[in-house]
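S.K.: Please put together the full structure from these sequences, using the hints given.
2 protein chains.
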Amino acid sequence: MAAVAEVTRWRLLLMGWGDLGVYGEPSRETPNLDRMAAEGMLFPNFYTANPLCSPSRAALLTGRLPIRNGFYTTSGHARNAYTPQEIVGGIPDSEHLLPELLKEAGYVSKIVVGCCCSELWGVPVLCGVPEVSSVPISRHLGHRPQFHPLKHGFDEWFGSPNCHFGPYDNRARPNIPVYRDWEMVGRYYEEFPINLKTGEANLTQIYLQVMGAWAGQPWGAGRSACGWRRTVCSPPQEALDFIRRQQAARRPFFLYWAVDATHAPVYASKPFLGTSQRGRYGDAVREMDDSVGKILRLLQDLRITEDTFVFFTSDNGAALISAPKQGTNGPFLCGKQTTFEGGMREPAIAWWPGHILAGQVSHQLGSIMDLFTTSLALAGLEPPSDRTIDGVSLLPAMLQGQLTDRPIFYYRGNTLMAVTLGQYKAHFWTWTNSWEEFRQGIDFCPGQNVSGVTTHTQEEHTKLPLIFHLGRDPGERFPLSFASTEYVDALGRITPVVLQHQEALVPGQPQLNVCDKAVMNWAPPGCEKSGKCLTPPESVPEKCSWPH
Amino acid sequence: MAAVAEVTRWRLLLMGWGDLGVYGEPSRETPNLDRMAAEGMLFPNFYTANPLCSPSRAALLTGRLPIRNGFYTTSGHARNAYTPQEIVGGIPDSEHLLPELLKEAGYVSKIVVGCCCSELWGVPVLCGVPEVSSVPISRHLGHRPQFHPLKHGFDEWFGSPNCHFGPYDNRARPNIPVYRDWEMVGRYYEEFPINLKTGEANLTQIYLQVMGAWAGQPWGAGRSACGWRRTVCSPPQEALDFIRRQQAARRPFFLYWAVDATHAPVYASKPFLGTSQRGRYGDAVREMDDSVGKILRLLQDLRITEDTFVFFTSDNGAALISAPKQGTNGPFLCGKQTTFEGGMREPAIAWWPGHILAGQVSHQLGSIMDLFTTSLALAGLEPPSDRTIDGVSLLPAMLQGQLTDRPIFYYRGNTLMAVTLGQYKAHFWTWTNSWEEFRQGIDFCPGQNVSGVTTHTQEEHTKLPLIFHLGRDPGERFPLSFASTEYVDALGRITPVVLQHQEALVPGQPQLNVCDKAVMNWAPPGCEKSGKCLTPPESVPEKCSWPH
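Line by line, the protein sequences are chains H and X. In this text, residue positions in the first sequence follow the numbering used here: the first is 1, and each later residue adds one. In this text, residue positions in the second sequence follow the numbering used here: the first is 1, and each later residue adds one.
Please keep in mind that the hints were generated in silico from the structure rather than gathered at the bench. You may find that some hints are simply not true.
[Unchecked claim] Label-pair restraints from in silico Cβ distances:
| no. | chain 1 | residue 1 | chain 2 | residue 2 | range |
| --- | --- | --- | --- | --- | --- |
| 1 | H | Leu381 | X | Ala483 | 29 to 37 Å |
| 2 | H | Arg439 | X | Arg493 | 32 to 40 Å |
| 3 | H | Pro507 | X | Arg493 | 28 to 36 Å |
[To be verified] Chain X is faced by these chain H residues, among others (derived, beta-carbon under 10 Å):
| no. | residue |
| --- | --- |
| 4 | Arg35 |
| 5 | Tyr281 |
| 6 | Thr328 |
| 7 | Phe332 |
| 8 | Glu341 |
| 9 | Ser451 |
| 10 | Thr454 |
| 11 | Gly471 |
| 12 | Pro474 |
| 13 | Arg477 |
Ideal Cβ placement from N, Cα and C applies to all residues, glycine included.
M.R.: Spelled out as structure tokens, the structure:
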């Protein structure tokens, strides 16, 4: 099967480190992912690039920290920012995205995203995955067709540019559209129903299966034949279908598959509802795990496993505040939005039978940005040499068991909050959420107040960082004594690495400062065919609000 | 190999649920136990019988709750009690111990214990495993030879009746003896050195290997030939040796192997010191894991794996307050001494190639007391019918995948603190540690204050229990709303089970109320041969102090 080259498959959600059985989730409801790990390589020390989805996904597709690629805000000190519907900025055109580069090696790329991938400024990137209580995300593509994702590297697109928040009234705020390639094919809560009471929705099945059934069908026919009105597509043959088509044509392919079922409001399709020991969140995890199993089985059926590199990870830690109070970051402190381990350490599994030996564990400090560099290496390509690339290739770790010494930087906005080097993590700033949010009932570290460590105000420690040994104390509960030799030694190793990083840093233009209700999903391309065009309000650019 | 029957092998320590790679420990340093799980059955919902070692081990060997077998105190409400050196009470003669019963089926039994197994009142039971800051444990056998463990079911004994606390001055408090069968062969910090500065000690190797080298050798020769003076026995051939001898003689055997290396003060032998990412505690875990691997490999080499049932578990959750602040209970709340999940849910792996299918996970609610009943079933024996046995046989779960509905009761002293039924856990009392201890720096839930849940005083909830759904909320952070239908339904199921339990309960005579310095390890049998006899003080029985 030499003609079929590597797949890189990512699944990025707010699933936590501890949500997989293989990472210790007590209910053990992810048999497919656990098997994937048993057949591949597990990375227990793998990090996302930001404790929030949009910047993390921008980092994934560019191989660069958000502070470089522009996916941050300067509107408040150390504030997390993402891409709500009204965001004006986006990934700068000057950034090279992975699918663009892979095209040089003949790769066909597809993006299947359920939640939050925004193609602001024309590139299919980032996925605002805010908390359930926050402002819903969206993007402004409808009236800016020149920025369509298929013009920026991806050859196919199915899914939504934003998360499935709503339902909205289509007056103050439009419902989020769902696209098939160039055009909107419906909106959440309209053509793509989610029953918020029962939690039933077929979206994960649709993202896995429905595209094949839709192929070549006009909008109306697709809708009725394919059953995203709560019936199952027959025959079910998607994300799946993309793989089959590329394999049949002997084309190398890159599939970026990111469903959103575990994001609040949590849903699952009927066969999975009520089947988990963990409640509705567990139902969603089970359906996602089942889908992963179906994708891997297809690769096996097609006999292309040895030519297909598959990677599983997430874009931030479990959002511990989400409605059903589920999702778990295992032994780690706090969750999404924070730069403690619970916010940024992610499940990560590499699977490539015949190349990666089964049952391996790598202690390589890994980053979501490594997927950029690793994917290029798999395609025989070099990363761009005209800019700093933060990702490193994981091939030495995966194929030769080598470990590369490299730092992990933890940012909020343009503030370097923390750094990990080897086993030592130094916090220069600590902040979970604001007292204001905490008093409202928003707690990013429920039941995890560590005195002097978790804070509801921004606390500066730059002169005397809090340092933890993550091997002995993965839960970040016992800072090293400032007076200890170990502290002095660790700080002595960390300081020059941070100084070097900061001296060389050229921040990108901050893209997440300005919002405008006029750029929301009022009239996406294709809306006219289904009578779904809405009238945008007058443009009033304003500073976005980033409360945490 | 029909002549060789089942082994039941237990290893019981203060290791936490989260300390094994297979349960999600990030450093993944237990490859042998992880492989054991991959080849066997993992129990994610397995419980000890008490959040403290002595009562748990009494329960293991009797199949009965401590409240029934007498291993509790009535000297304070809801107080944890164990067996320090000065304890007067012990397991009542009327209790039937597992090795006694197995003898009916021709089993040869050996107990290898590093820490804390006391044979008070003549039976080799329970192991006070107190915190590093607490009173060291011991037992009073030296001057009461009629209570020797070999008179009560076990055929061989190597190890210590108490933990390796010390060194002591042998005046106010004697150093803990180490026995070989009938006689003391030395004392900790004297013939069995532990370097508290470097953490070096060969004890785990000795417990694994040294007995064979000692076989048939007199005391002095054994000491010099076998190198528990920091050299390695040559040839190393123990716990191991017992298995080899029974297999050669085609005798069914029961080995109860419980090293103590992860107990504070933590130690490891030289080859393991400094090898872990987790510090010295990790070194100890690695050495223990390596020893398990050696035992399993021997069974494979002897080709008796299909006739040998092996079980791994622990006697209480990780003691989060221990010196190196290591050991982890994964996602669970608090640790040892508490009746939250972190104190009582344990790692548990069953291994029996050819009978238990590889890679299985059982959601059976299991108990350490089930090992009593399961072992009897394996030997073709019925449990005693003249008393209540709390353990159930795990054979249906292990061999047919069946699930038995049964409650788990959580006691402190004679107080029923909590009960789990299905996914619901109801707390009738909550208590972590006292404010006094907390102010001294003893914190059983470091960094885990859950408002209204973890308490430093005893809090009664008997009229309106705190109820958690352990599937959705394994960390016990979000009690169900008292007003919810789910709460009312859960309470409606739990109440009759608790009432039935309490109505039928016949508490045993409490054994852990009285202490006396005269009963400490002053003059164990054999002391005269090595000039190690000490003079006991005058007998002054007094009420034991149980601060938590």
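S.K.: Now tell me, hint by hint, if it's right for this structure.
M.R.: Against the structure, the hints come out as follows:
Taking the beta carbon of each, Leu381 of chain H and Ala483 of chain X are about 60 Å apart, not inside 29 to 37 Å as hinted. Judged by the Cβ atoms, the range 32 to 40 Å given for Arg439 of chain H and Arg493 of chain X holds: they are separated by roughly 36 Å. Between Pro507 of chain H and Arg493 of chain X the CB atoms are about 58 Å apart, so this pair departs from the stated range of 28 to 36 Å. Here the hint on Arg35 of chain H is kept, as its CB sits about 9 Å from the closest CB of chain X, short of 10 Å.
Given hint, Tyr281 of chain H at the interface with chain X, holds; its Cβ is 7 Å from that chain's nearest Cβ, closer than 10 Å. This hint holds: Thr328 of chain H has a C-beta 5 Å from the nearest C-beta of chain X, less than the 10 Å allowed. Because the smallest distance between the Cβ of Phe332 of chain H and any Cβ of chain X comes to about 8 Å, under 10 Å, the interface hint for this residue holds. Taking 10 Å as the C-beta contact cut-off toward chain X, the hint placing Glu341 of chain H at the interface holds, the least distance being around 9 Å.
Hint on Ser451 of chain H holds. Least Cβ distance to chain X is approximately 8 Å, under the 10 Å limit. A hinted interface residue such as Thr454 of chain H counts as satisfied when its beta carbon comes closer than 10 Å to some beta carbon of chain X; here the least separation is about 8 Å, so the hint holds. For Gly471 of chain H, the interface hint holds, the least distance from its beta-carbon to any beta-carbon of chain X being 4 Å, beneath 10 Å. Among the interface hints, the one on Pro474 of chain H holds; its C-beta lies about 5 Å from the nearest C-beta in chain X, closer than the 10 Å criterion.
Taken as an interface hint, Arg477 of chain H checks out: its beta carbon lies about 4 Å from the nearest beta carbon of chain X, inside 10 Å.
In summary, the structure is inconsistent with hints 1 and 3 from the numbered list given earlier, while agreeing with the others.
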